[in-house]
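Protein chains in written order, with the numbering used here: chain P, 8 to 445; chain U, 44 to 444; chain Z, 69 to 311.
Keep in mind that the hints are not guaranteed to be accurate.
Heads up, simulated BS3-like pairs for lysine-lysine below, C-alpha to C-alpha not over 27 Å straight-line [stated by the list, open to error]: (1) P:K392 <-> U:K321; (2) P:K312 <-> U:K87; (3) P:K312 <-> U:K281; (4) U:K281 <-> U:K90.
What follows is a set of in silico ranges between Cβ atoms, one per label pair, in the way DEER data are often shown [claimed, not checked]: (5) P:A177 <-> U:Y116: 37 to 43 Å; (6) U:G158 <-> P:K312: 48 to 54 Å; (7) Z:S141 <-> P:A348: 21 to 27 Å; (8) U:Q114 <-> P:P296: 36 to 42 Å; (9) U:N200 <-> P:R189: 24 to 30 Å; (10) P:K392 <-> U:E288: 32 to 38 Å.
Hints listed in this document are in silico derivations from the structure and should not be mistaken for laboratory results. Treat the numbers as computed from the prediction; the structure is a model and nothing was measured. Built from N, CA and C at the ideal position, the CB exists for glycine as well.
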Amino acid sequence: MLLYNIRIAAKSLRRNPYMTALLLAAIALGICVSTTFTTLRHAFAKDPLPGKSSKVFYVRMDNWDPAQPYPGDDPKSLPPQISYADMRELMKSTIPTRQTALFISRLFITPDPKVAKPYQENVRLAFSDFFTMFDVPFQYGSGWDRKADAKPEAVVVIDDATNKKLFAGANSVGKTLRIDDRVFKVVGVLAPWRPTVRYYDLNGGAVNAPEAIYLPLNFTPLMQIRSGGNSDGWRNYTINSFEEFLKAADIDWIQFWVELPTPEKQQAYRDFIDNYVRDQKKHGRFERPLNNRVTNLMETIGDFKVVLPQLSAMAAVSVLFLAVCSLNLVGLLLGKFLARAPEVSVRRALGASRGQVFLQHIVECEVVGIIGGALGMLLSFGVLKFLTKVLPGSIPIQIDGTMILSAVFLSLVAGFVAGVYPAWRICTMPPAIQLKLQ
Amino acid sequence: MPIGPIFRAMTHNRTRVLLIILEIAFTLAIVTNCVNMIVDERSKMMKQSGFDDDNLLFLRSAPFAPEFREQQYILNHVDSDLRVLRAIPGVKSAVNTNFIPWQGGGSSTTVKIAGSKDVPVRSQVYYNKGDLFGTLGTKLIEGRDFVPNDFDYDQVNGNPKVVIVSKKLAELLFKTPHVIGRQIDDGQAVYTIVGVLDPFYNPYGWPIHEYVFFGPSTVGSFARGTRFLIRVEPGAMKSTIAAIESAMTKSNSGRVLTMTPIDEIKSNFFSGGRLVMKAMTAVIALLVFVTALGIIGITSLSVSERTKQIGTRRALGATRRNILTHFILENWMVTTAGLVLGIAATYGLNFLLVTHVSGVKMDWRYVAVGMVLLWVNGLIATIPPAMRGASVSPAVATRSV
Amino acid sequence: MLEMKNIKKIYRTELIETHALEDFSLHVEAGEFVAIMGPSGSGKTTFLNVAGLLDTFDSGTYLLDNKDVSRLSDSEMSRIRNQNIGFVFQSFNLIPDLNVFDNVDVPLRYRGLSASDRKRRIEGSLDLVGLSSRWKHLPSQLSGGQQQRVAIARVLAGDPKLILADEPTGNLDSLMAREIMDLLDQINSRGTTIIMVTHSPECAARASREVHVLDGKVLDLERPRVAVTRESPTTAGLASSLN
Chain P
8 MLLYNIRIAA KSLRRNPYMT ALLLAAIALG ICVSTTFTTL RHAFAKDPLP
58 GKSSKVFYVR MDNWDPAQPY PGDDPKSLPP QISYADMREL MKSTIPTRQT
108 ALFISRLFIT PDPKVAKPYQ ENVRLAFSDF FTMFDVPFQY GSGWDRKADA
158 KPEAVVVIDD ATNKKLFAGA NSVGKTLRID DRVFKVVGVL APWRPTVRYY
208 DLNGGAVNAP EAIYLPLNFT PLMQIRSGGN SDGWRNYTIN SFEEFLKAAD
258 IDWIQFWVEL PTPEKQQAYR DFIDNYVRDQ KKHGRFERPL NNRVTNLMET
308 IGDFKVVLPQ LSAMAAVSVL FLAVCSLNLV GLLLGKFLAR APEVSVRRAL
358 GASRGQVFLQ HIVECEVVGI IGGALGMLLS FGVLKFLTKV LPGSIPIQID
408 GTMILSAVFL SLVAGFVAGV YPAWRICTMP PAIQLKLQ
Chain U
44 MPIGPIFRAM THNRTRVLLI ILEIAFTLAI VTNCVNMIVD ERSKMMKQSG
94 FDDDNLLFLR SAPFAPEFRE QQYILNHVDS DLRVLRAIPG VKSAVNTNFI
144 PWQGGGSSTT VKIAGSKDVP VRSQVYYNKG DLFGTLGTKL IEGRDFVPND
194 FDYDQVNGNP KVVIVSKKLA ELLFKTPHVI GRQIDDGQAV YTIVGVLDPF
244 YNPYGWPIHE YVFFGPSTVG SFARGTRFLI RVEPGAMKST IAAIESAMTK
294 SNSGRVLTMT PIDEIKSNFF SGGRLVMKAM TAVIALLVFV TALGIIGITS
344 LSVSERTKQI GTRRALGATR RNILTHFILE NWMVTTAGLV LGIAATYGLN
394 FLLVTHVSGV KMDWRYVAVG MVLLWVNGLI ATIPPAMRGA SVSPAVATRS
444 V
Chain Z
69 MLEMKNIKKI YRTELIETHA LEDFSLHVEA GEFVAIMGPS GSGKTTFLNV
119 AGLLDTFDSG TYLLDNKDVS RLSDSEMSRI RNQNIGFVFQ SFNLIPDLNV
169 FDNVDVPLRY RGLSASDRKR RIEGSLDLVG LSSRWKHLPS QLSGGQQQRV
219 AIARVLAGDP KLILADEPTG NLDSLMAREI MDLLDQINSR GTTIIMVTHS
269 PECAARASRE VHVLDGKVLD LERPRVAVTR ESPTTAGLAS SLN
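Could you build the full structure based on these sequences and the hints that come with them?
As structure tokens, this is what we get:
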């Protein structure tokens, strides 16, 4: 019966191409606009590390000025990063199965003079767990191991673009690279990698591309590497050397992540942080009320307001847009169906029940919904491709499985919502009324 | 034209009338809220920095030659760089500073009136050496610019003695712009105010866009390089960039130069906002189009359903004009009802957006503009099907269907 | 086959009440071919609608095939229409989008028959009306008489016990009308009950019995003939041959 109804729907749609075009245009526009804007929002709001995001936690501690809270809308706002000195202490914990401190810097790369001139590049300082914690994709080699962290060994991971630029895209594992005044051995080459949100560092430029170069963080004191990202401080220090700068316990410029796979570990780690802060309070630090946040990845993305409120507003408006398109469809379908009353009367006389007539018409609406929805999605693909080009920093916005499913769902819902009233009207019409009039 | 009969006729067509009313109400709500968002974004973009943005150029010199590891060497080099820059034809003036307009951020600290027990307030803070006012194009409204004496202190480890503050910061701290000779304290040192500048606007992550103080200092380090702002002669941006590249490289080739016009930085800063504006404009256009299609569709339907009735009216002496007016009047009444409902929907949606997502409160003028737009849209959309109705021949009346 | 007693049907609008059927009683035996005659507005069509379960009635009793059908749900009525009743309309009422084959298929679809069963029935009935070569044509490509034959094939495919025909020859010229009447005769002779509303005395003459309707009532003068026909098929045959 369903196939039969689809065949009838196809015939009916072919019969009046003008009306069909209007119907399809209404759904396609609605789906295109709603899919485009919800995808835009979704690209920033979605889980970048499915299955793992609830186990990866970002650590913050309120070491701000006792006189006033860290600037922000929330009275409980706290510095978004931690200090190098605190990081050193936290790294001693054995509760997390993995942990990494991170910061970004800009360093000089001096390639083989025959290949390229010296240039400055964004470098991510990290511990070995960074690569495994955040599922960083490799095409050659891998990240370094924990032994390399400890020494530290002069190893480096480079991204695909750097590998293409400096090593012509070949497997460069084992090759060397001069960064600032040291020579590093390449141990891994990343696969092309451009998440929409740079989820492992949401401080300033959360939608920037991942960095080109990755170095063991323990080179920081050895090479006197300073953060190229945000740093926050409130206390006044007299700093005469890089060592003193690293010891300044209330200058916050380090991101700190831990992996805590079980609720027990999560509780244990929260206790560990609280105890650490309580202990520090005895030394005259952390004078504000106890305010630590150990948040999983999605909570962190929420806290850092990665999703622009305008995007949410546009997503909401775009769904309303689809609603208006559906209202439009109701009018058009009502007209289309009522014009067909004589035919429906014949079918009723020949024994079609109300349910069968209703089904026939709803199927027709859903056929319109699906075809129009597919057209809308195609349009949306195009629009998003265009948007990706226009957006600064070529932020990738892709329609993923979730968005395709939601577009299909929205198309079906729009078809049903628009069709249910016209179909009900036509199926409850008394069967006798139109038979004489044809 | 009698409104009564038209109204009574409409009550027999409740569904259809209700559909148009709802559609128009929704459309008004969406259109006005989009306009509201567009105007909000636009007002952010229209905000003037107070600088000659069009002719400003940002130059970053990132050294790699080992001699730059010596901090004093970097500081000394800035003076020669400034001399080189000023000598380039097309360069009006140049300043070494860590301030870059329209980045969406910068550096900040907290200050209070020196010696007071006030809670410190947050302010942007930058340092500069060279012609700050001549380069930015902002005005010194009171006091003086930095003089060479102001730089006579240990620039590597010490603190300057004087600062120049923005008028807005002066007013925030002292409740008056006349603050020459007053002192402020950032917790690190006490500074005497020697000048007040105005205007100053640099969007920041926190609401301190107009609060700033500048200190006299050469700015640069091996890790972060040295930065300059350069004001070029109007229209000379392109040629000057090339001239700067060659002159600076000639003076010292142990560094990498990158130059970005402030216009480009500004346009990057607003690219999100521009996208929002364009997207909203597209939504408005599409929506008005869809609504027009809807009105055309539904009016066509009611015209074709009433073909016989129209024929009869014509046979009874109605002119084409009468028929046309009938349909237009009918749609006008429906549109108006939709718009009235739409006012409520507009404020409802605005309330929801403001409380749950983001946005600013609705300005009633946009509602008025939206209503006029949709009125006109409704009228235009009604005309084609109404014309078709008006062209129905009176002979239809006598034809049996 | 059909037993109506004191059926009353009133159409109400805001202003007036129309008594379409007033105390309408009729009895039709299985295998009969009854012609219903009467002027416009006499209630013929209302009777047909009520008889075909296309419309409800206000009071009275109606037994169809010994089954009380006065209190049936919409879907029960749909099922009876689909399986037991076949309609032939004045304006054929074929579905313009569907070809001949698919038009005949329509009621079978609602019956949920298997594809092979449907195909057998459709081909058989198109054979009977002599249109099996035209199964691919659209209604608009056929003459009026052919269209009506498709409509009859649509009825035959469903193999109903009762056929209700509403002016089946009203839109046809006399030659085609005769063909259609021959077809109906043939169907009736195979045992299917036919009730036909008509204006044309010529068509009515082909029926085994005429019933006259006026102002929503069956005219009394028909009663004796009804009785005669019921009691003795031979007299009925005699009566019709006399006509």
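Comparing the hints with the structure gives:
Between K392 of chain P and K321 of chain U the alpha-carbon distance is near 16 Å, which keeps this suggested pair within the 27 Å criterion. At most 27 Å may separate the alpha-carbon atoms for a hinted pair to count; K312 of chain P and K87 of chain U meet this at roughly 19 Å. Between K312 of chain P and K281 of chain U the alpha-carbon distance is near 38 Å, which puts this suggested pair outside the 27 Å criterion. Distance check on the hinted pair: K281 of chain U and K90 of chain U sit about 26 Å apart at the alpha-carbon level, within 27 Å; holds.
The given range of 37 to 43 Å is respected by A177 of chain P and Y116 of chain U, whose C-beta atoms sit roughly 39 Å from each other. Checked against the hint of 48 to 54 Å, the C-beta distance between G158 of chain U and K312 of chain P comes to roughly 38 Å, which is inconsistent with it. In this structure the supplied range 21 to 27 Å holds for S141 of chain Z paired with A348 of chain P, their Cβ-Cβ distance being about 22 Å. The hinted range of 36 to 42 Å is satisfied by Q114 of chain U and P296 of chain P, whose Cβ atoms lie roughly 40 Å apart.
Range check, N200 of chain U to R189 of chain P: Cβ separation about 28 Å, and the 24 to 30 Å hint holds. One distance hint, 32 to 38 Å for the beta-carbon pair K392 of chain P and E288 of chain U, holds here, with the actual separation near 35 Å.
Violated hints, listed in ascending order, are 3 and 6; each of the other numbered hints is respected by the structure.
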